[in-house]
Each structure stands twice: as structure tokens, then as C-alpha cells.
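Q: Modelling step: build the complete structure from the supplied sequences, incorporating the hints.
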Amino acid sequence: MRNRVLEIVVVLIDFMQGNGASLMSSEEVSMTLEAEGYSEEEIASAYSWLMQRSDNAPEQFFSQFPTSGSSVRILTQAERIQLSSEAYGFLLKLVHLSLIDAEQLELVLERVTVFGPRAVDLEQVKLIASSVIFEDIADLDLLELVDHSGAQSMRVN
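So for the sequence shown, our numbering puts the first residue at 77; every next one is plus one.
Quick caveat, the hints were computed from the structure, so don't treat them as lab data.
Owing to the predicted nature of the structure, the values given are computational and were not obtained by experimental measurement.
Every residue gets a Cβ at the ideal spot worked out from N, C-alpha and C, and that includes glycine.
Each hint should be verified, as a subset may be incorrect.
Unchecked claim - Per label pair, the in silico range of CB-to-CB distance: (1) MET100 - GLN153: 40 to 50 Å; (2) ALA111 - THR189: 32 to 42 Å; (3) MET92 - VAL148: 21 to 31 Å; (4) LEU183 - GLU117: 19 to 29 Å; (5) ASP90 - VAL148: 34 to 44 Å; (6) SER130 - GLU104: 11 to 21 Å; (7) SER147 - GLY94: 19 to 29 Å; (8) SER102 - GLU182: 30 to 40 Å; (9) ALA178 - GLN128: 19 to 29 Å; (10) ILE150 - VAL190: 14 to 24 Å; (11) LEU168 - GLU211: 17 to 27 Å; (12) ASP177 - ASP90: 14 to 24 Å; (13) PHE210 - THR108: 18 to 28 Å; (14) PHE191 - SER102: 14 to 24 Å.
A: Shown next, in the form of C-alpha cells:
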């Protein structure tokens, strides 16, 4: 569930930072998310987490100027083999949206290396990233149990 909440948080930040905020209300965004298959509980959790975080640092989400440099973390050869381009793109988006910082990105990449030579897909990276963002180590135990032939998220982000 946490990875789905993370997907919603990404959508909401995109909505707030983009022109969508002037065109749609939060109720319309919620209805759109529900139509995409997200539950009311997941949407409420995302709104709640985002509001709590924005109360602590509102300028971080609404500023039009980046708070840090625009450098990009280059993957090592081993990381490139292990991480799909979609998964790495998702991580870069989290950095760009200030959902994770450089240290948290390194933590996610470190956790990816735990998988050894196996490739880590987008859904697994979302689960790892959500465990870092929401500070929930328990989610990592689920990685071995994730069935990727079943219901994956509707968004690639």
C-alpha cells in the first residue's frame, strides 16, 4: 500500500507545482485518482502525509527555484545492470520533486544492491523508496513476496 501512496503523493506534487492546480480542485483530483483504481484510504493517507510534510517546510513544495544544485547521480555499471531505466527515472523524479534528497537516494540504491545480481523493477523500487520516505523498514520484508504478474500500479510516473 505504501508504494501506491507514494504514487499518489507524486501525482499531488505534480498537480501542485504544475498548472493543474488552477484548473482542478482537490476533489476533482481525488475523483480522478479513484477512477484510476486508488482507494479513498490511500488518497487520504497521501494527502495527510503531504500536508504534514508541507507544514514543516511549505516553501520546499511551492518554490519555483530549486533548493539544491541540479546535479544528477550517475549510476555505476553494476547499478545500471540492476536497475531498469524506468526505475531510475522514477528515483530521479522523486529527487526532482524533493521527496527524497541525495542521501535518501543513496539509501535506496544501497538497498537495491541487497538484491545481488537480480534486476530490480519499477514496482520493487517504488516499494524500497516508499520504505525510505515513510521510514518503514517492515515494507522491505515484502519485497521477496511481491508478485509482479498480478496487480501492478496503474502509473509509471
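Q: Each hint: holds or not?
A: Right, here's what the structure says about each hint:
1. Separated by about 43 Å at the C-beta atoms, MET100 and GLN153 satisfy the suggested range of 40 to 50 Å.
2. For the hinted restraint 32 to 42 Å between ALA111 and THR189, the CB-CB distance of approximately 38 Å keeps it satisfied.
3. With their beta carbons about 23 Å apart, MET92 and VAL148 fall inside the hinted range of 21 to 31 Å.
4. Taken as a hint, the range 19 to 29 Å holds for the pair LEU183 and GLU117, whose Cβ atoms sit roughly 27 Å apart.
5. The beta-carbon spacing between ASP90 and VAL148, approximately 19 Å, falls outside the hinted interval of 34 to 44 Å.
6. At about 20 Å, the CB distance of SER130 to GLU104 agrees with the hint of 11 to 21 Å.
7. In this structure the hint that SER147 and GLY94 lie 19 to 29 Å apart at CB holds, the actual value being about 24 Å.
8. Separation of SER102 from GLU182 is about 33 Å and conforms to the stated range, judged on CB atoms against 30 to 40 Å.
9. The hint said 19 to 29 Å for the Cβ distance between ALA178 and GLN128, and at roughly 23 Å that hint holds.
10. Roughly 21 Å separates the CB atoms of ILE150 and VAL190, a value that falls within the hinted 14 to 24 Å.
11. At about 21 Å, the CB distance of LEU168 to GLU211 agrees with the hint of 17 to 27 Å.
12. Hint check: ASP177 to ASP90, Cβ distance near 19 Å, so the stated range 14 to 24 Å holds.
13. Restraint check, PHE210 to THR108: a C-beta distance of roughly 23 Å satisfies the suggested window 18 to 28 Å.
14. In this structure the hint that PHE191 and SER102 lie 14 to 24 Å apart at CB is violated, the actual value being about 37 Å.
This entry does not satisfy hints 5, 14, going by the numbered hints stated previously.
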